[in-house]
Structures are given as structure tokens and as C-alpha cells.
Amino acid sequence: MNSENMQNSSFLSRLWQYWLSFLLIGFITVLFFALRDVLETTLIALLYLIPLGIITAYWGLGPGITSALVTFLTFNYFFIQPYYTLTVHRPADVVILMVFLIVAVVISQLVGRAQAGLAAATAREREATQLYELSTAFAGLPDDHAIVQILAKQVYAVADGEYVELNITGTRSFNFRLPESNPPSRSPELIISIEAARGLLGEIRLWRAAPVISSSERRLFQTFASQGALALERAWLAQAESRTKVLEESDRLKSALLSSVSHELRTPLSTIKAAASSLRGKEVGWDSPARMELVAAIDDEADHLNMLVGNLLDMSRIESGALQPKREWNILAEIVGNVLGRMRHLAQEHTLKIDVPEDLPLIPVDYVQMEQVFTNLISNSLKYAPVNTVVWIRARVEGESLHVQVSNQGPQVPSEHLERIFDKFYRITAADKVTGTGLGLSICKGIIEAHGGHIWAENLPDGLAFNFIIPLIWDGAKPHQLPIDTESE
Amino acid sequence: MSSASLILVIDDEPQILRAIRTILTEKEFRVTTASRGEEGLTLAAANEPDLVILDLGLPDMDGVEVCQRLREWTQCPIIILSVRDSERDKVSALDMGADDYLTKPFGIEELLARVRVALRHSVRMQGTQSKIVNAGPITIDLAFHIVKRGQEEVKLTGREYKLLAYLASNHGRVLTHQSILTHVWGPEDADHTEYLRVYMRQLRKKLEDDPERPQYILTEPGIGYRFIADE
Chain A
136 MNSENMQNSS
146 FLSRLWQYWL
156 SFLLIGFITV
166 LFFALRDVLE
176 TTLIALLYLI
186 PLGIITAYWG
196 LGPGITSALV
206 TFLTFNYFFI
216 QPYYTLTVHR
226 PADVVILMVF
236 LIVAVVISQL
246 VGRAQAGLAA
256 ATAREREATQ
266 LYELSTAFAG
276 LPDDHAIVQI
286 LAKQVYAVAD
296 GEYVELNITG
306 TRSFNFRLPE
316 SNPPSRSPEL
326 IISIEAARGL
336 LGEIRLWRAA
346 PVISSSERRL
356 FQTFASQGAL
366 ALERAWLAQA
376 ESRTKVLEES
386 DRLKSALLSS
396 VSHELRTPLS
406 TIKAAASSLR
416 GKEVGWDSPA
426 RMELVAAIDD
436 EADHLNMLVG
446 NLLDMSRIES
456 GALQPKREWN
466 ILAEIVGNVL
476 GRMRHLAQEH
486 TLKIDVPEDL
496 PLIPVDYVQM
506 EQVFTNLISN
516 SLKYAPVNTV
526 VWIRARVEGE
536 SLHVQVSNQG
546 PQVPSEHLER
556 IFDKFYRITA
566 ADKVTGTGLG
576 LSICKGIIEA
586 HGGHIWAENL
596 PDGLAFNFII
606 PLIWDGAKPH
616 QLPIDTESE
Chain B
9 MSSASLILVI
19 DDEPQILRAI
29 RTILTEKEFR
39 VTTASRGEEG
49 LTLAAANEPD
59 LVILDLGLPD
69 MDGVEVCQRL
79 REWTQCPIII
89 LSVRDSERDK
99 VSALDMGADD
109 YLTKPFGIEE
119 LLARVRVALR
129 HSVRMQGTQS
139 KIVNAGPITI
149 DLAFHIVKRG
159 QEEVKLTGRE
169 YKLLAYLASN
179 HGRVLTHQSI
189 LTHVWGPEDA
199 DHTEYLRVYM
209 RQLRKKLEDD
219 PERPQYILTE
229 PGIGYRFIAD
239 E
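Same order as they appear, the protein sequences are chains A and B.
Whatever position you read off the first sequence (first residue = 1), add 135 for this note's numbering.
Whatever position you read off the second sequence (first residue = 1), add 8 for this note's numbering.
This is chain A alone, in the form it adopts within the complex:
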């Protein structure tokens, strides 16, 4: 509906109110006229006040006062002698007329004012409700985009707007438009700045069909804007706070890492240094068996150092979110077999048993990362389980996921620690009793979660099991069928 129409309709309804008032007075006048001989003049004047009150109460001050004047004339014309003239002969009638006029106008004004007061109170209540709704909607919203969206929607709804655009300026500038199209070509009817204690945050631009924006509306939108500004500031403060917390946490982890790493790195370095320097000196004869021993120690400890550095790199990659699995369709048995092949020399004191079904489907994983998971889980099992025990690797299809379990006959973990053993640097035993960075399991967790799966530990009657589940579906698909190859040579 365009603005001209709206104006017309309000003008028409105003005209109607006057017409109805006059009609009512005409009707009453006809009624009184019929009873003119029975009723006294003063009584008629009194009775006239009833319709006047009704008119003012229903249609407001304008029709009320006008009706009072019209009534004054009709009363004089029809009921004050001489009839059918506006002249008055008796002084008493002049008094009646004057009193009537005063009373009528005063009543109209009183009722009208009460009426206007009521309307204002209703409007205030509506504003209060809208503000309440807005602040409730803002409460606890941590996201600045959501706040701006709610603010725009509220302005749009309350203003009965045609188009609302909210621009947030400054370092995190963005805007929100309702509806999501280009703004009208004309300039907006109302621009309200969103201001907070720290300065201008942005502005609300409102286009609407009815161009007249009353001062109370402007005030209301101003209040909306300051509510919005408060909510935005609060959200940004909360974000800053959580960033600080993350930084503090990462700082704490870094110092934990440094102390753990320097301890862990120094152990193999000490061995290498001692072995190399004694080989360089003359203490160890060329053919002595100690020589081979020392050389082997250097070699082993170099591998150990390499593994530690690898773990640290993996962890920092997981922390920074840079661990992107390069997924391909793989065969689980091949991955496990390769890992066991490489770990054979470490697993001489344990028995490794594999229970992986022949018909297991292909799994969509990063080959290298999945090897890392198995290496870490198996080496963890070997580290804690007593010698001459069995480490099992089992895999089963469960629905559209693969469930893998690596279990050992090592000591159980108190149930309150079961979840925390995947935390960085978390150890149940004192750090100096066990070697390792304390990162192995958290790297597993990072990799499995990057594959869209999850990992957990559970106590078994005779040991501890690590479980993980990864989806067998990749990009919503299963591996496609291989081309059939039946010809033989």
C-alpha cells in the first residue's frame, strides 16, 4: 500500500468519526424534540451531556469539542425559547446555555485527556514489551551477526518497514539486509546511528512506505539501537575474553610442552653424546663388543629423537587445525600389516594378534595418518602391558562405521582418568617412570576426529582397550565397484 492511500484512509476514518458524532447528536435531538413538552429545559441540557461524554470517550477530543459546540447550537435552536431562533430572551436561559457550554467543553476535554493518556499508556506498554522482547532476545547471544539480525528483524517488524539495512563499521565491519535484496534506490526514511561508550559501531537505515516517523518512533528505534550497541559490545567482550582464555591455555600448554620436551629430548641426546664421545676417544677398543653396543645405542636413540620431533610436529599441526587427512580408499589389513612389520623389533616381548575380517570394506582414510594412529596405540599398549602378554587388534563393521579396538592385558585405568588420557601431557604414572612425550594418544584423538570419528578408552576384565570408530562413507558414498577382471594368463 502506498503512502497516499494510507493518508486517505486515516482521513476517511477521521471524517467518519465526525459524521457518526453528528448523527448521534441528531438522533438524540429528535428524541428530545419529541419529548420537549414533557422534559424541562435544564433536564434536557443535563441529558445532552451523556452523548457528548460517549462521543469524546470513543472518538477523541476533536469530535467531542465540535459536538459540544453543535449541541450548544441545537439546544439553543430547538429547546430555548423562542424556538427556532438562536436568540435568547430569558436571562435564566442565558445562564443555562453558558453553563451547558462550559460543562460540555470541560467534560469533553477531561474525557479526551483521559482517553489520550490511556492511549499513551498503551503505547508505552507496547514499547516496553518490544524493548523487553529485544533485550530478552539479545540476552546471552555471543554472536554479533545474530544480534544484528535480531535487531534488524525487530526494527523491520515494529516499523512495518519496507527494507532495513544494518551496517556495522570498524574492524569487524559487515552488514545485514532485510529482505535479502538490493536496497530501494531512494534514500532511507530514517537513519539511526548505533553508538556505544567506545564510539560509533554502525547505523540502522530504514525505508518504509509510511514516511512520517513520529518522534516517539524515533525515540523507540534509538532505544533499540542502544540496546543493540550494548549487546554487541557484550558479545565482543565475551569473544575477547574467550580468546584470552585460549591464549592462556595455549601458553600453559607451551610451558608444559617445553618442560616435557626438554626432559624427553635430553635423554636420548645424553646417550648419543656419551656413546659418540667414548667411540671418538681411546677407551673403547676397535674390536670390543662394547663398540657395537655403543653404535647401536646411537642409532636407536637417533630414531627415538626423530619420533619425538615427529610427535611434536603432528601435535602442532593438530593444534593449528592444519591436519587435513588426504583421504583415499584403503585396506585396513594393509595399514595394520605395514605398522606391525615396522614395529616387529619393538614387540619382541609381546604377542601381537590381529582379528580383521577378510571381507572388510575399503575405508576412506589418510594412509599415513592411520598408520600413525595404529603405531601410537600399539606402542602405548607395549609400553604399559607386562611382557609375555597379548595385544589384540580387532576390527568390525558396525552399521556405516568401522569399529577398531586395540586391547592389551596391561593395568586398568581408574575410570575417572579414562577420558583424560587423551589429553596432552596427561599421565597417570609419574613422568620420570615412563618415556614418551605424553602426546601419542592426543595425536590419535586429533587424527581420528579429523576423519570424522571418535576415540575412547575402556577397561576390560583383564586389561585396557582403545576403541575408535570412523565412518565408512566418504562424501556420502561408498567405494565404487572395481572393474571386473576375470581373464587369466
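Hints listed in this document are in silico derivations from the structure and should not be mistaken for laboratory results.
The structure presented is a predicted model; accordingly, all values stated were derived computationally and were not measured.
Incorrect hints may have been included.
Unchecked claim - In silico lysine to any residue, SDA-like type, Cα no more than 25 Å apart, as pairs:
no., chain 1, residue 1, chain 2, residue 2
1, B, Lys163, A, Glu469
2, B, Lys112, B, Arg26
3, B, Lys35, A, Gly195
4, A, Lys408, A, Leu388
5, B, Lys156, A, Glu469
6, B, Lys112, A, Asp434
7, A, Lys461, B, Lys35
8, B, Lys112, A, Gly275
9, B, Lys170, A, Ala437
10, B, Lys112, A, Asp438
With chain A held as given, fit chain B onto it using these hints.
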């Protein structure tokens, strides 16, 4: 080729250069070294080495690019050195024409084994190729398309034989997924590593003593496969 093969080592870390030079000279190779890519390319053009050992992380240019520029004019074998977790770079260098790779830190036996395989392969490329490859109990006759395990002939499908023959004729060298797929299936299937996984499994079942812990058809994680034959 002179009596001792000439090896060019391009690496920016002096300690690595020192160690490799010491060991290779000890093994009676002639060694020349460069610490930058451009320098390496110039030396390669001047000396025509029999083998190049190239670090992928050079300060002045990308190792893959050095590899590519060498391949523009020479077929001499290239062994690349790189750190862990750079599978993508290794694969692109291998697909660009490098012959093999070593992950730092590496053992010297590994380095020598790679050097020997690469030199032997380059000699084979120049001369006639041996028609029979032996690996433990496995005998592969590339001329007559016969594969035996012990005395028994192993039945292979056409595709399986083609795959095994490609691996065996390049024994000792790493072959990338892409190069195997392109060679055995065709360029349009170069991305379907799952074919490779399945066929390798079938081959291992037919040839290996323990298919879960293969001795002859080895997986190179994230890179490809390598067939290990008798020396």
C-alpha cells in the same frame, strides 16, 4: 662411464653434505657437492654426473623445479631427500621424473641401497634388460609371461600380471600410485588408488608367505609401492 661413478649431492645443510661425502667417498664413489639449486644445475651440466642426490628443501628454488630442469636434458637417476610429512612434494618430484626418495633422517645402508639400485637401473636402461626377476621363492619370466612360486606356476589374471611385471621390471625402485595406475590401467584411472589397494592385496595373497606382512611387495606409505628382488 668411468671406473668410479660420479655423484652430485645438492643440499643446503653442510653437515649432511659432509656426512654423505665422507661415506660415499669411502665407498669409492666420486662426489661433488652444491648447496644451492642454481649451483647444482650448473655443476650437473658441467660434470654430467651418473647420479644426483637432491634435497627438496633448497633455499633458492623448489627442489621439484630442479628435478624438472634436470629432466629437460638428462636421464641420469635422481634420488630426492626430504623430511617426513612432505609426501605431496615427494610424489610430485617422483612424478616429475625423480627415481627414488629418502626421508631424513635416513640410515646409510638405506642410502647406499638406493644409490646401487638407481645406478643399476640406469645401466639396465642403456643395455638389455634382464628377462628373469627372482625374489625369494618367486620367479618372474618377463619374456614368457610366466610367474612361479617355487616350482609351481602361479595363475594371475591379465591385469595382475601387468601390475606385477611393471613392479618387477622396476625392482628396487619406488613407483608412485599415479605412475602404476597410469601404466597398468591408463591415464583416465590415475586417481583410483583403491584399484591398486585391491589388486596389490590379491597379488600378495598369491605371492607372499604372509600377505599381511609382505616381504617382496612393499607399501611406501603415502607414496606408492616398491618390489624387492634378490640382488
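A quick look at each hint next to the structure:
Proposed proximity of Lys163/B and Glu469/A is supported: the alpha carbons are some 22 Å apart, at most 25 Å. The hinted pair formed by Lys112/B and Arg26/B meets the criterion: a straight-line CA distance of about 15 Å does not exceed 25 Å. The straight-line distance between the Cα atoms of Lys35/B and Gly195/A is roughly 113 Å, outside the 25 Å bound, and the hint therefore fails. This hinted pair does not check out: Lys408/A and Leu388/A have alpha carbons roughly 29 Å apart, beyond 25 Å.
The straight-line distance between the Cα atoms of Lys156/B and Glu469/A is roughly 24 Å, inside the 25 Å bound, and the hint therefore holds. Under the criterion of a C-alpha separation no larger than 25 Å, the hint pairing Lys112/B with Asp434/A is consistent with the structure, at around 14 Å. Among the hinted pairs, Lys461/A with Lys35/B is inconsistent with the structure: their alpha-carbon atoms are about 40 Å apart, more than 25 Å. A C-alpha spacing of about 52 Å is found between Lys112/B and Gly275/A, which places the hinted pair above 25 Å, so the restraint is violated.
With a CA separation close to 41 Å, the supplied pair Lys170/B and Ala437/A exceeds the 25 Å bound. The suggested pairing of Lys112/B with Asp438/A holds, with an alpha-carbon distance near 11 Å, which does not exceed 25 Å.
Violated hints for the displayed structure, listed by number in ascending order: 3, 4, 7, 8, 9.
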